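Sequence order for the protein chains is A and B.
In this text, residue positions in the first sequence follow numbering that gives the first Met the number 0: the first is 0, and each later residue adds one.
In this text, residue positions in the second sequence follow numbering that gives the first Met the number 0: the first is 0, and each later residue adds one.
In short, the hints are calculated from the structure, not lab data.
You may find that some hints are simply not true.
As the list claims (entries may be wrong) - Facing chain A, a subset of chain B residues (Cβ under 7 Å, in silico):
#1 A207
#2 Q211
#3 N298
#4 G322
Said to hold, decoys possible - Think about it this way: if two alpha-carbon atoms lie no more than 30 Å apart in a straight line, the pair counts; the simulated DSBU-like pairs of lysine-lysine are:
#5 B/K271 x A/K487
#6 A/K487 x B/K304
#7 A/K470 x A/K487
Please read all numbers here as calculations on a predicted model, not as lab measurements.
From the three backbone atoms N, C-alpha and C, an ideal C-beta is built for every residue, glycine too.
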Amino acid sequence: MFQSLQDGLLSAFKSLQGKGKLTEANMRDGIAMVERSLVEADVNIDVVRKFVADVSEAAEGRRVLLSLRPHEEFIKIVFEELVNLLGPVDNALALRRGEMTTIMMCGLQGAGKTTTCGKLAVVIKEQKLKPFLIAADLQRPAAIEQLHVLGKQLGVGVFSKEGATDPVSVCREGIAAAKSAHADVVILDTAGRLAIDAELMEQLKQIDRQINPNQVLLVVDGMTGQDAVNSAKAFNDALSLDGVIMTKLDGDARGGALLSVKAVTSVPIKFIGTGEHMDALEPFRPEGMASRILSMGDIVEVAREAHRMIDERERKAIEERMSKGVFTLGDFRDMMQKLRKPGLMTKMLSLMPGMGELSKIMGNVDNEKEMSRLTGIVDSMTPNERRNPKLIDTSRRNRIAAGCGVQPNQVSDLIKQFDMIGPMLQMATAGSTSDKMKMLQQMQGMMANDPFNPLGGMKIKGNTGKRLTPKEREKLLKEREKLLRKKKRG
Amino acid sequence: MVFWRKKRADTSEPTHPQSASTETVPTNRVADDSKNGPSEAKGESPQQDGRAGSNSAESTDSTHAKKVGWFRGFLKKTNDVFNTDIRDLWKSEGRLVDDEFLSDLYAILVRTDMGPSMATSIRDSIRDQYRGRKVQQSEILAVIRERVAQSLKDRGGSLKLAAEKPTVILVVGVNGSGKTTSIAKLANRLTKSGRRVLLAAGDTFRAAAVEQLRIWSERIGCDIVTADSGADPGSVAFRAMQRAVDESFDVCIIDTAGRLQTQSHLMQQLEKIKRVLQKKVPDAPHEVLLVLDATAGQNAISQAKGFSEAAGCTGIVLAKLDGSAKGGVIIPIAEQFGLPVKFIGVGEKLDDLEEFSPDEFAAALFS
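Just chain A, with the same shape it has in the complex (with noise of 0.2 Å):
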């Protein structure tokens, strides 16, 4: 996600890395390259002028100039800006307790509303909360089918009316029913429509007059472009929206439309779609959010990633383990072979500091190959090899390599990749926020620390104090550079 806009903001900011000091042509340059890769994320021109301004600003009143590092301070400026434009967070669905809150989904045709009213009714069961969907959408056909096919495999109430053509009825009706039903929430589907569609746009505020929901949500297609200003506009001045669902942004959509929603309404962005299955809601984040356009990575997301795909037992017979400090090579391949949904490792990758680019470079590779190699190695060692991977030595080693046929360094590999994942993986069981917090911002240390890390293995060791002569540190460099060439052709 992002991934665009990184790139081009990448590349402004390498315009500015190596400069001793950040002169205003440099900055210039760096601005207008931040303004076109904006514009070419779809942002609304009329909101990148005003954030190019605002940056400029920023820039020019503060130490940037005499700073010693000006494309770090620039960068930062940036950062702020953007978190700025996106926040203040407001994730909160603001459901009411013991009382029916009624929630109103709105959007252009084919955004993704029907399917975000099935992932929000996911996102409430796991509050402990009851949902209930009420198909409102009378005009695009089997619309209403949609809703019950979902509404069966989420195992969530349905309302619908077989040939009915007012909405405001079905939806009073539905609230009824829902009521009967004991729900806590109540999810309207409402029909696409264009924003310019005046007829329509009167229905949708007969429906809010009567109904009067409790929420009103917009939901945008995350590839929208320049027009989502519009039509953003042309809900809130109908409906005042409360909150806003960006969909979609799991492919290479730059998503910058967000940024454009976000200044035109001033409704907090409350979540954001990541792909087709039920589970793929994520609360928005700005400072995530931003993090990942400038490509700075996204560590909470990742611990986020990681808890998501070991589940509650599972999670705690590892966490025994851990905490026994018996986590093994055998679990870590257990692990790994869950991690294999396709694309998961590239999407971790990609979210981690600094990963960003080896995840280009791995690109597709991912996966299979990898993982049956990992296995491989693994199975061709001993128990107690599993249990204690120092005592593997140069013949171990070997050994191993000859047993699954492998190239011995690659045996060296996996086993730095376990010293490097256990972590990661103890942090998604660990116990409480904070642990996680720290583990992470111990993880984050030590991969900032060594620059070169996307390049070599996953080296995690710290610094061992040892000076390189520069004759040392270029043949460091030069074995690096072959490695990295190695694995863009393999």
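Fit chain B to the given chain A structure using the hints.
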């Protein structure tokens, strides 16, 4: 955004007091324009009779009238941005081409979703030609229109029908771009022209997508091959081909599930569907239509690229052009990939599918 809308409301009303109240705003403006230069007059002023010449003989009076009606509506909409905004740049007779002017012009171009590269190149060519001069609106409009028309030139085109029955049309696109509705409209169009059409409900992923297409087929009165939700779309395609060949249908249109161009496994599935089609009809599919949402921004370029690589698109259907979006992104797409736009979706009714005409599109965009 807000302020340019405001600005337009502020400035255009006093200068054109007559235009605010009437429905015929674009026509009036066009008439104004035609005084400025012969090129506009040729392209725009003959709303009714001028089009008659360009329309092919087959179109009846009613469809012709509708088409003109649609373009009038479209003109009105796009004129909102193009005519009014560009007009705003001329506060008095002639305006100096300076940095401020160029930057405003750039913003106007970008708002059509044509993308920064295209907008930059148009802006730069205008800068090179006119910098430091006082210009008339008509000059600038002519340059922009010519440039866009050039990009879209030869990019129109009607549906290619195979010499031997059946003609196989595969329809692809991202989620929610309007595939199923476009298929219904296309099927309706072909059925009305007297062809026997078979639909294949290949979207077995999204809940009730099959049902949606089945309802359309009943309304249109054409045949359909369906499968249960979750079935292999390849098998649906195969059965549809078999039936199309056995019962000698004229056209077979295959729906597919919406997918993002970055989902490589789903893109491979498209390749597979293509291979399946070729088992029965070796030169199938004769058309692979990519449905693009007119509201889509620059990601549409990535869509065109991704789907062309996986499925070998032969044309574009630009859906949802009836909103406030301009669909300008087809300009860079046409330029980069040479993909012709075959149809445009201009409404929610079955009849709301028009053949694309690059000249009319360019003219409508920049009249």
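Each hint tested on the structure:
1. With a least beta-carbon distance of about 4 Å to chain A, the hint placing B/A207 at the interface is held under the 7 Å criterion.
2. Using the Cβ-Cβ criterion of 7 Å, the hint placing B/Q211 at the interface with chain A is satisfied: the shortest such distance is roughly 4 Å.
3. Hint on B/N298 holds. Least Cβ distance to chain A is approximately 4 Å, under the 7 Å limit.
4. Hint status for B/G322: holds, given a least beta-carbon distance of 4 Å to chain A, under 7 Å.
5. As the CA atoms of B/K271 and A/K487 are separated by approximately 28 Å, the hinted pair is consistent with the 30 Å bound.
6. Proposed proximity of A/K487 and B/K304 is supported: the alpha carbons are some 23 Å apart, at most 30 Å.
7. Simply put, A/K470 and A/K487 have alpha-carbon atoms about 26 Å apart, close enough for the 30 Å limit, and the pair holds.
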